[in-house]
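Chains as they are written, first to last, in this note's numbering: chain R, 1 to 1086; chain F, 1 to 125.
Heads up, a few of these hints could be off.
List time: in silico DSS-like cross-link candidates among lysine-lysine, alpha-carbon distance up to 30 Å [claimed, not checked]: (1) R:Lys932 <-> R:Lys1069; (2) F:Lys77 <-> R:Lys488; (3) R:Lys483 <-> F:Lys91; (4) R:Lys869 <-> R:Lys995; (5) R:Lys126 <-> R:Lys102; (6) R:Lys132 <-> R:Lys102.
In silico negatives: residues of chain F with every beta carbon more than 12 Å from chain R [stated by the list, open to error]: (7) Ser13; (8) Pro16; (9) Tyr21; (10) Ser38; (11) Ala42; (12) Glu55; (13) Gln62; (14) Ser68; (15) Phe74; (16) Lys77; (17) Cys84; (18) Leu94; (19) Val103; (20) Leu107; (21) Pro108; (22) Ser123.
Among the chain R residues that face chain F by a calculated CB cut under 10 Å, a handful are [claimed, not checked]: (23) Lys32; (24) Gln35; (25) Thr501; (26) Glu556; (27) Ile557; (28) Glu561; (29) Asp756.
Worth flagging that the hints you see were computed from the coordinates, not collected in a lab.
Predicted model only: the values in this text are computed from it and were never measured.
Cβ atoms here follow ideal geometry from the backbone N, Cα and C, with glycine treated the same way.
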Amino acid sequence: MAKNKSISEIRVGTLLGPHDPFWVQVREAVYKAVQQQGMTLVPLELFESLLMLVSLDNASLAEELLAENLDVLISQEIPFQVVQQMLDSGIPVVYLSESERKHPLYVSLRGLYEAAQMVGEYVAEKLHGRGKALCVGGLLEPGEDKGISRIRGFMDALRKYPDIAVMHYPANWRYEDALPLIESFLKGFDSPFQAIFGISDSLALAGRDAAQKLGILKPDTVVIGINGDPLALSAIAEGTMSATVETSAVVMAERAVEVAMQAALGESFPSVYNHKLRLITQENVAEVALEKLTAIANIPSRLVGVNFQQGQNRLRQLQLTAELNQRLGTLLERRQLAREMADLLRENYKYDLVQIYLWKKTEGMLVQERDGLHQESLEIPISEAGILGDAIQKREPVYIPDTHFSQRYPPDPRWPETRTRVALPVIFGNEIFAVVDLHQYHTNPNVREEVFGLRFLADYLGVVFRNADLYTDALNSREAAEKANQLKTRLLASVSHELRTPLNVILGYSQSALSTPNPYHMDLPDDLRQDLQYIFQSGNHLQRIINDLLDLSRAEIGELELVPEVIDTHRFLEDTFNNMASHPASSPGVAWTLALPARLPVIQADPVRLRQIIMNLLNNASKFTDQGEICLGAEVEPPHLHLWVRDTGLGIPFDAQDRIFEPFRTVNQASWRQREGIGLGLNITRQLVLLHGGSMLLESQPGCGSTFHIYFPLPNLAGGLSLPVESTGRRVMAVVSAQENLPKEVLEICRRQRLDVYPISASQNLDELWKSVQPAALAWDLSSASLGDWNLLQSLRNQAQFSRLPVLLFSQEECQLEGGITNILFKPLNSATLGEYLEGILPQDVHGAIWIVDDDPLARQLYQRLVEKAFPGHALRLAEDGAQALALLEQEIPGLVILDLLMPQVDGFQVLARLRCNPATCRVPVVVISGKLLTFEDIQRLNYMRVTFQTKHILTEEETILALQQSFSGEGSLSQPTSLLVKQSLAYLHQNYPKDLSRRELAQAVGVTENYLSQIFRQELGITPWECLNRLRILRAKEYLMNSEQSITEIACQVGYNDPAYFSRVFKKILGISPQAYRTQPKITG
Amino acid sequence: VPPTKPPILIIESNSPTLKLYRRELSRDFRVLACSEMSEALALVYTNNLAAVVLEPEISNGQGWNLLSELEHFFSGKSPPIILCSTLDERKRGLQAGAVDFLVKPVLPSVLVDAIHRVIRRSSKV
């Protein structure tokens, strides 16, 4: 079939399983010979081992071999049908054993008959023509070679010796299989055999060992085999075996390859080729062994190579699985999954076309969903899906190595280019999700190993698909739930509307008719008034039930929402109670009492819902109380506000106490039944309490009465509700108060709750306070609040641990919190949280204190005087150095800081940096007043917004006051870059004042026009740059005048005036005195 | 001289309710009433109202649009609007700029009190 091929193009397939050492030798020799001849070796042994993993029937095996595009096959042992298919397809087969088969393309081995004859002759000679000889092996196993020629050769040879009795016993080829057979056979004989012939060396050794076990092996028993494999040689060398007939592996291989080449080239070739035979006995064994040793020398490396390749394949699968995990693990949508998966397989296995069909079991369809608008998804019924259908049905990978040679699958007209095709089912558990359809447009010789790896991949994909499906299920059910909720919401809205509209009319008109004067301008008969009363009362009852039902339904779909406000608890409870107690529907024998302390702290709650809670409980109490008392009480129990409603009514039976909060639960007792509503009130009440972050408890004694306790969390400064804290040791209440006398309500609460009182004031270090006492709650009485308290509170809010404490805030008497009437809601005057509430009532003019930070006591005095003049009555803090300022900063937030730069240890720069890095203080205006001569580096460090720099003693007192007022109010504070310009100019002046400077020079130095510079200078410092320069020069001149002996002219020159007369004029203008007079006057300070 | 009654507007589509409120509120206020959105806008723009009572659910929730339109038109300085509704949508109502939110049934006496309070408060500001 390959007549025009060059030798190197001839593909020689080999299928030479490594059954025993002899065949390993043969295989190696064949490989070597093929390569020596220059032909292409296609070793197919690798997939033999794979055959154990992937079960292949004969047809598939034949396809495999055909797909290899071989020119000739050298084979040792393959099924009859497969050989036939190869031959039918025109591929010559060189068989490495004897065979009866006749075919023009078939070559088999001959010479074993002769070898067995040699054995026969040898045995006859050793037995001296007399005795019993056993021949073992052959006949049992299927396959071409059943050992018949060897058995016959042996028999024929011994036929000439009538005194030698010959027996044959069939056995398997393998030593392990044959040994027990032979053993049981030998047991049946009393007298031993003098000779044992194994038709292969392995069988000879098996025969020997069986006889040995039974103790019938004599030293002179002849043991002989055929092949000459290494084990036999070593036995001969040891003396435990007599001889073997070597059928030279190397010669056999060389001859087989030679014939194979002739066949492949289409030349004439023999139908048989011969063994080269040699008898090996103890005499020549050493010589033969050496030959063999040399031949065997390069076997191991090739065996290692096989393992290495398998290892490589496995590694690639692992890497791919890892990548899949990364890329697919997060994908949860089937179609996208399929796409990504297809891409991965295309990239990693070099398939030309990868398609994924989703399996729709119920419809029996494979569906390929396609992208884009123009392509409809492709559906294939499983019966028409060919290889894909098979993969689904068999639940395992199916592949066509080469479509051109497939007997099982006719060519698929849709994919004419496809040569190799794999169908890979994606399975998880019992479920098949999809089948992956892989195409290659050339034949893929590695398809077997790949299928092996793809199988693992498919298992993994099964898991991924499964995850995606679970996710989709979850999505769907959530969507369904959402739809149901939307439906409920709509239904609820329409029910609300339909019920409340007529109820509004019923109640409204009956109230209107009963009012005096009534709209009819006439007196109504008493009977009619009574009837209208009934209508009104029933309407009211109906209203309560409808409201309860609607609330319950809203709670069920999570739509019961709160509109929280800060509530003045005391007034609120009073209003609610009075409203109820003034229309008592209860018996006249019941006394209504309100037990509240004189003042209660504010809470954060929805006033409508809070009222509903209290009304429900009061209504409930009134329903079951015929005489005695109904009491509403409250008390602060940090971190809670405790409310209770106590009655002296029927009480609740013990067995019903657990169930009483469940909806539609009623007590099954005659005395209860007649008073029943529909049993929703308590359930809703509890839901509302829970929504407020509170809890509810029942305490009841049947016959004596019930108490419902409610615990509402107190608010905190962070805007939330406080949570219960684990208290260790003594519990402390921190009380914010600048006053000596703490509010008596707070003291009373502390006494009752066994809390230690710890007053805190603005000067305290909060960190240390927290470390030493760890308060359990904060208390503050707004009615006695001082300005300092506000600052302290701001600091407390900024500290996480304090801001989460429960706060007992007692509002001012005049506080504008409004209580309301049932069902009336007011837009909150105050905000939803305590923090916002405090912001809202914060006094408008409160800023922090003004700080003076300077180590010079005289300077502090001066600034204090200035500040008192500028801001009469404003709080003032004096810090003697930077360290004190930092400590003060821990406790409060300044309103304005007057800062010196040069101070020991902690300097002004550090204080400034600390101020600016805290969000609470970063916008506090700072006026730096310093005698330090600024460098450009200093300017970088002062480059913050809202920092004004002034040179000490440059500005007059009035100018300083004006500058301070501007800084404090934020007026005229320029944006940062402008301010930087002023500072830069100042630095320039500081460094260059001794030189002869012009305005232009200065403006150029900072890169702006002269006019602009003057403008921003005046805006920030109140004077022009030129004035500033003059004052700076005169300031220095003053120092020289006081501390040096230099002449006026020299000093004028030193500070930058060339003309001493001009200097004197400027000096006098600024200080009101001539330089000469200044020098001679007595020293003054300031 | 008797004090002049403050003018208010009631926007309500259920006619028995509208009749009731008009009748009862007339004792204390000069009551303008309508049941249509289109009328409502004209009445608000042309009268210097002391308060507006609105059922936001009229015409399938169109009342909500009216509320935001008024807030927009008067840029936050519209006459105080009291929502008086069959649905409990307090949060939405207060966020949209209403000063009060009443859930029906609302007795005429309660509504009168509420309007008085609202007017008192807005005159204070």
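We went through each hint and held it up to the structure:
1. Taking the CA atoms of lysine 932 (chain R) and lysine 1069 (chain R), the gap is near 24 Å; set against the 30 Å cutoff, the hint holds.
2. Of the pairs offered as hints, the one joining lysine 77 (chain F) and lysine 488 (chain R) is violated, with about 37 Å between alpha carbons and a cut-off of 30 Å exceeded.
3. Using a Cα cut-off of 30 Å, the hinted pair lysine 483 (chain R) and lysine 91 (chain F) holds, with the two alpha carbons roughly 23 Å apart.
4. Distance hint between lysine 869 (chain R) and lysine 995 (chain R) is unfulfilled; the C-alpha atoms sit about 38 Å from each other, more than 30 Å.
5. For the proposed pair lysine 126 (chain R) and lysine 102 (chain R), the alpha carbon gap of about 38 Å is over 30 Å, so the pair is violated.
6. Distance check on the hinted pair: lysine 132 (chain R) and lysine 102 (chain R) sit about 37 Å apart at the alpha-carbon level, beyond 30 Å; violated.
7. Consistency note on serine 13 (chain F): stated as away from chain R, yet its beta-carbon is not over 12 Å from all of that chain's, at 10 Å minimum.
8. Non-interface status of proline 16 (chain F) relative to chain R is broken: a Cβ of that chain comes within 12 Å, the nearest being about 5 Å off.
9. With a cut of 12 Å on Cβ distances, tyrosine 21 (chain F) falls inside the contact zone with chain R, its closest approach being about 8 Å.
10. With a closest Cβ-Cβ approach of about 22 Å to chain R, serine 38 (chain F) is found to remain outside the 12 Å limit, as its non-interface label requires.
11. For alanine 42 (chain F), the non-interface assignment is confirmed: its Cβ lies about 26 Å from the closest Cβ of chain R, beyond the 12 Å cut-off.
12. Not every Cβ of chain R is farther than 12 Å from the Cβ of glutamate 55 (chain F); the closest lies at roughly 9 Å, contradicting the non-interface assignment.
13. Even its closest Cβ contact with chain R, about 14 Å, leaves glutamine 62 (chain F) beyond 12 Å, as expected for a residue assigned away from the interface.
14. Every CB of chain R lies more than 12 Å from the CB of serine 68 (chain F), the least distance being 16 Å, so the non-interface label holds.
15. For phenylalanine 74 (chain F), the shortest C-beta to C-beta distance to chain R comes to about 16 Å, beyond the 12 Å cut-off, and the non-interface label holds.
16. Distance check on lysine 77 (chain F): its Cβ is at least 15 Å (rounded) from any Cβ of chain R, clearing the 12 Å threshold; non-interface status holds.
17. With 12 Å as the threshold on Cβ separation, the claim that cysteine 84 (chain F) sits away from chain R is violated: the shortest Cβ distance comes to roughly 9 Å.
18. Its beta-carbon lying about 5 Å from the closest one in chain R, leucine 94 (chain F) breaks the requirement of being farther than 12 Å from that chain.
19. Consistency note on valine 103 (chain F): stated as away from chain R, yet its beta-carbon is not over 12 Å from all of that chain's, at 6 Å minimum.
20. Taking the minimum C-beta to C-beta distance to chain R, about 5 Å, the non-interface status of leucine 107 (chain F) is violated against the 12 Å cut.
21. For proline 108 (chain F), the shortest C-beta to C-beta distance to chain R comes to about 6 Å, within the 12 Å cut-off, and the non-interface label is violated.
22. Even its closest Cβ contact with chain R, about 15 Å, leaves serine 123 (chain F) beyond 12 Å, as expected for a residue assigned away from the interface.
23. Using the Cβ-Cβ criterion of 10 Å, the hint placing lysine 32 (chain R) at the interface with chain F is not satisfied: the shortest such distance is roughly 90 Å.
24. At its closest, the beta carbon of glutamine 35 (chain R) sits 88 Å from a beta carbon of chain F; the interface hint therefore is violated under the 10 Å criterion.
25. The restraint placing threonine 501 (chain R) at the interface with chain F holds, with a minimum CB-CB distance near 5 Å, inside the 10 Å limit.
26. A least Cβ separation of about 15 Å between glutamate 556 (chain R) and chain F goes past the 10 Å threshold, and the interface hint is therefore violated.
27. About 14 Å separates the beta-carbon of isoleucine 557 (chain R) from the nearest beta-carbon of chain F, more than 10 Å, and the hint is not met.
28. The beta carbon of glutamate 561 (chain R) comes within 6 Å of a beta carbon in chain F, closer than 10 Å, and the hint placing it at the interface holds.
29. Nearest Cβ of chain F to the Cβ of aspartate 756 (chain R): about 41 Å, over the 10 Å cut. The hint is violated.
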